[in-house]
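S.K.: Chain order of the listed sequences is A and B.
The first sequence maps to residues 3 to 147 in our numbering.
The second sequence maps to residues 417 to 786 in our numbering.
Any given hint might turn out to be false.
[As the list claims (entries may be wrong)] Far from chain A, some chain B residues (derived; all Cβ distances over 12 Å): (1) R518; (2) G616; (3) H620; (4) F662; (5) H728; (6) T729; (7) A757; (8) G772.
[Stated by the list, open to error] Some chain B residues well away from chain A (every beta-carbon gap over 12 Å; in silico): (9) I457; (10) V480; (11) E511; (12) A533; (13) N634; (14) S646; (15) T745; (16) S764.
[What the hints assert, rightly or not] Not the full set, but computed from the structure, chain A residues with beta-carbon under 10 Å of chain B: (17) A36; (18) H41; (19) P42; (20) L48; (21) W67; (22) K70; (23) E91; (24) P92; (25) V111; (26) E123; (27) S128; (28) G131.
No lab work stands behind these hints, which were simulated from the structure alone.
Ideal placement from N, C-alpha and C gives every residue a C-beta, glycine not left out.
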Amino acid sequence: MISSFRVETNRMTKRLLAAAAAAFLAFGLLGTTAAQEGHPLKGSWLGEWAGNSVHGDNILLILDWDGKAITGMINPGTDNMPLTKASLEPNGWLVRLEAEGKDKDGSAVRYVIEGKLENLELPNRSINGTWSSNKGRGAFTASRQ
Amino acid sequence: MKHALRIAIGFGVALCASLAAAHHPVTAKFDETKRLDLRGIVTNVDWRNPHVHVFVNVTRDAGVIENWAVELESTVLLKRSGWQHDTLKPGDAIEVSGPAARDGSRQVWGERVLASATERQVYNLTDTGPEAPQAPRPTPRGSDGKPLLGVVDGSGGYWAYPSSTVLQQAGANVAMNADGVLARISDAARVAPFQPWALGLYQHRQQRHLADDPGFLNCKNPGAVRQFQSPYGVQFVEDHARQRMFVLVGSGNRNYRIIYMDGRSPTGQVQGDDDNPLYYGRAVAHWEGDTFVVETTGFNEDFWFTNGGLPHTDQLSLVERFTRPTFDTLRYEVTITDPGAYTQPWSSGWELKWVGGEDLPVYFCQDNRS
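Isolated chain A (complex conformation) (with noise of 0.2 Å):
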């Protein structure tokens, strides 16, 4: 009976140990995302495009907003990959990105990504949909830094 309290109170020193540390983590987090309250999409975003086996899974994204039109690049520095079309709807946030690459062959890859801009009024705001290609497709999410 008390060596299964002790490891009762063992998991619970544990779990609350560890909720302590993800909540001061998280706020740590959030105090690092630069303020942005301006056009809602200008920024850095850091994600994932699942399951793309011509770029890997991982994202950079940095977009612009020139007052006229969104700008931006896909993986600065690696593929930079610019943004040919872009548009943001207010009417419900839709997000839509446009962008050509290149495979290892040289051969042209075409992204679009969809999604819906989400927690709006945070730094830390999410875009989460789905991108696909003349190669491939699959969830897309990526948050700002």
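Position chain B against the provided structure of chain A, taking the given hints into account.
M.R.: Below, chain B without anything else, positioned relative to chain A:
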């Protein structure tokens, strides 16, 4: 186990204290459609900015005692209406009515607080600022003949009590409260010539009752027009020798804005900082007759530039025109140009009252924060 519990409880208490202390527009935290009437005994008066709290023990039908927090305005605003920390004391019986907290916690906005013993309403705001003299005093002028925007002969004074605390394009006449919360969200498009995304973001902020305002949540500076909307006022200090005007800001965290009057370009400062956009931007000014004309660019996007949650981008530029038609009146007119967020330039304006013989009240946004 006890240690772990202490950590968890301590963390929880700190978090709750932080949330409870956060400054906010009233409607962000309290729901005006959910009204409460309470009777109870005061247990404590927490006399601190940004919001004073009176804690009250309320006895329910079954004899169960609940402790409620009655939230009030800042110490500065309450003092202006003649109230003190000891206007109510522990043990006093009070009656409270006002909107309840949106999150269902035991908090109520103290719209009406009545001391039961005297039936006297307390902690209400009655102050409307100094009355201007019946015979307007003439505009004070410096030795160069230009109007003085700040103090005269070393006496104290500052500008406060703005006739409007919200921003909308001239002639729009959209109904909104003093925090900029729209009476009807369907009026949003009339407030300013928004680009579609900016209108969507403005509506989103309105639908959330301005709860995400970084000026309140994170004490971000009241840059751009917002410094002239604050009840805590501004003070102009002119440095003739260095050809600069300083605007001391009574809200936020009592910081200041520099306006250069030495003919420099509005972009870049002495060492150049074009790549470092600022909360108060880069401001240069000149006189046009009796009007002090300030042009400001170089704002960052880390703050709300006005009460009410109208968005801006780093393309924001302002032309502000200050006149002092009488000793006791400052006229503020602003033209807003931001091709990143608005389809065309738009203008607004209001007046501020001179509060003579005093310096800016001591108000720090970050007081009472854990």
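S.K.: Against this structure, judge whether each hint is valid.
M.R.: Checked hints:
1. R518: With a cut-off of 12 Å, R518 of chain B remains clear of chain A, as the shortest Cβ separation is near 15 Å.
2. G616: violated (3 Å)
3. H620: violated (6 Å)
4. F662: It holds; F662 of chain B is separated from chain A by about 26 Å at its closest Cβ, greater than 12 Å.
5. H728: Nearest chain A Cβ is 6 Å from H728 of chain B, so the label is violated.
6. T729: violated (4 Å)
7. A757: violated (7 Å)
8. G772: holds (36 Å)
9. I457: Holds, since 35 Å exceeds 12 Å.
10. V480: Correct as stated: the minimum Cβ-Cβ distance to chain A is 29 Å, above 12 Å.
11. E511: It holds; E511 of chain B is separated from chain A by about 36 Å at its closest Cβ, greater than 12 Å.
12. A533: holds (45 Å)
13. N634: violated (7 Å)
14. S646: holds (18 Å)
15. T745: holds (32 Å)
16. S764: holds (20 Å)
17. A36: holds (8 Å)
18. H41: holds (6 Å)
19. P42: holds (6 Å)
20. L48: violated (20 Å)
21. W67: holds (6 Å)
22. K70: With Cβ-Cβ at 8 Å, under 10 Å, it holds.
23. E91: holds (8 Å)
24. P92: holds (3 Å)
25. V111: At about 29 Å, which exceeds the 10 Å cut-off, the nearest Cβ of chain B leaves the hint on V111 of chain A violated.
26. E123: Status holds, d = 4 Å.
27. S128: Status violated, d = 15 Å.
28. G131: violated (18 Å)
Checked against the numbered hints given earlier, this structure breaks hints 2, 3, 5, 6, 7, 13, 20, 25, 27, 28; the rest are met.
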